[in-house]
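Colleague: Residue 1 is where the sequence shown starts when you use my numbering, and the numbers rise one by one after that.
Read the hints as simulated data drawn from the structure, not as lab findings. Glycine included, every Cβ here is placed at the ideal spot set by N, Cα and C. Treat the hints with caution; some may be incorrect.
Said to hold, decoys possible - Label-pair restraints from in silico Cβ distances: (1) P62 to H20: 18 to 28 Å; (2) R34 to R55: 39 to 49 Å; (3) A16 to A76: 12 to 22 Å; (4) A76 to R34: 17 to 27 Å.
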Amino acid sequence: MTPVPTALPPPYSYAAITAHCAAQIAQFMAESRRKSGAEACYRRERAYGVYIGWRALVGGHPDQALFLRDDLRLEALLSYTPPCPP
1 MTPVPTALPP
11 PYSYAAITAH
21 CAAQIAQFMA
31 ESRRKSGAEA
41 CYRRERAYGV
51 YIGWRALVGG
61 HPDQALFLRD
71 DLRLEALLSY
81 TPPCPP
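All chains, please: the whole structure from these sequences, using the hints.
Modeller: Put into C-alpha cells, the structure is as follows:
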C-alpha cells in the first residue's frame, strides 16, 4: 500500500493561474504562426480553449478591474489570424 498524503497541495493563486494561461496562449499562438493548414487551426483552437478555461476559473475574481485588465491582455494574445477552413 502507498501512504496517503498528509496535506493537500497549495491552491493556485489568481496571479499564478493567469501567468500560466498567458504563457500557454502565447506558445500556442506562436506555434500556429509557424504551422499551416489544419495544424495551425488546431493550435489556435487550443489557445482559445485555454483562454475560455481561464475565464471559467477566475471570472468571479473579487477585483473586477484586475480581471477585466487581464481579460483584455489575454484576449489580445489571441491576435487575429485567418479563419480555419470549414
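Colleague: Failing hints, ascending?
Modeller: 2
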